[in-house]
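With chain A held as given, fit chain B onto it using these hints.
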Amino acid sequence: MSYQFTISPDFSPDHISGWYIFNTWLQKQTGEAIHLEMYDHFQAQREAIKQDKVDLIYANPFDAAMLVREKGFLPVAKATGAADEAIVVVSADNSAIDIVDLKPGVRVAVTEDPDVRMMGMIMLEPADLNAGNIELMTNDTYVLVAKHVLQGKADVGIFLAEAFDDLSGIIKSKLKVLVRSQISVIHHALMIGPNFSGKRAEILGLLETMTQDEKGAGVLKSLGFDGWEKVDDEDMEFMIDLMDTLAI
Amino acid sequence: MKPEDIVGEYQEKTLDLYGGYRRVVLYTDIETPYPDGKLIVSTTDKEGIITHVNKSFIEMSGYSEEELIGTPHSILRHPFMPSVAFKDLWDTVNRGEHWQGYVKNLRKDGGYYWVKATVIPNIRQGKVVSYTSVRRKPSRTKVEECMKLYPTLM
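These protein sequence lines are chains A and B, in that order.
For the first sequence, our numbering gives the first residue as 964, with consecutive numbering after it.
For the second sequence, our numbering gives the first residue as 294, with consecutive numbering after it.
The following block holds chain A by itself, in its conformation from the complex (with noise of 0.2 Å):
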């Protein structure tokens, strides 16, 4: 029998490679059979879950309330220090300074990245902003939502800290930081479903001891991860009833 373990779509592209790595390592010290099954959509991953098809998932704080309230799923674990932020940017020569400065009419990039999104609308609040009066236009990557605002075909960009972290100098140079968020407990994690929970402390113990062998060490390297921390059972509560209060 073979499991399928997938990776939430928003994942840095410099990484796919590492995650395939992974896989292969998770698979040779667990001795089961792992199939990776990369999807380009969230959508198209919700159905895969929706279908029981999913067994392990890296999967996004947005989908973490319906993974664990209707599907089952534990949390296992998560890149150790890692949070998600959301940061609003205009272009450098926008005569905004602070986000309030922002009117209703405005044409805001963002990607399908559902926790990015909603901690940048939340930011966009202040200005009286919400999805009623505002153009939103959702791109397939960052760099794209970089390029729309660079181009003037977008007047704000919402990003991940962490992709925008990775644009090139000159890029950023040419983009305005007017909020960057500081939630600090908002992140990805590891979660297992419920066939294939039987190995959840098997697979923490592997994940914890990663960093004190060469292989492991090399494999987090590959996925950009300083190492793995445990998130139990009350930790993913909480972040859950966080992003309810959130989502509302």
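Honestly, the hints are just simulated from the structure, not real lab data.
Every beta carbon over 12 Å from chain B, so not counted as near; a handful from chain A, in silico:
#1 Gly1044
#2 His1111
#3 Lys1193
Cross-link-like lysine-lysine pairs, in silico, BS3-like; alpha carbons within 25 Å at most:
#4 A/Lys1193 <-> B/Lys348
#5 B/Lys409 <-> B/Lys339
#6 A/Lys1013 <-> A/Lys1034
#7 B/Lys306 <-> B/Lys295
#8 A/Lys1066 <-> B/Lys409
#9 A/Lys1193 <-> A/Lys1034
#10 B/Lys380 <-> B/Lys306
#11 A/Lys1162 <-> A/Lys1034
#12 A/Lys1066 <-> B/Lys441
#13 B/Lys435 <-> A/Lys1066
#14 A/Lys1034 <-> B/Lys420
#15 B/Lys435 <-> B/Lys409
#16 B/Lys339 <-> B/Lys380
#17 A/Lys991 <-> A/Lys1016
#18 B/Lys409 <-> B/Lys441
Pair ranges (Cβ atoms, derived):
#19 A/Ala1180 <-> B/Val317: 58 to 64 Å
#20 A/Met964 <-> B/Gly312: 53 to 59 Å
#21 B/Tyr311 <-> A/Val1140: 38 to 44 Å
Even glycine gets a Cβ: it sits at the ideal position worked out from N, Cα and C.
Same frame as chain A, now just chain B:
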């Protein structure tokens, strides 16, 4: 509240709080702007006693974590806020529903800050075990509406 903690000229008022408590508060006209990009998070038990606060809560309230944990959440209650708002909050969350509203909070130094607050019941194994409140930066337009509305609800 202690006069030596207050910054600036202050007024005094006795509040009748939810649960039959009374508290003398000292308050000034000094506003601390809500910081961009931050969330203030706290958790209380079912009786409204604070069990968890994040760093932003400590920074904005002016109290230390030790002063906050174990204290009723009404430590932040500002005399400008109508009691009816908090009755609505408790009635709503006790029904297991989310509550959202704009709140003027009182700082330890007598100043204040406005927030957009969302309170949800934390449900574990089908039972409400605690409440989490998350505050974010409010729109100034909404705050100005509340500044006109709340005095009419006193």
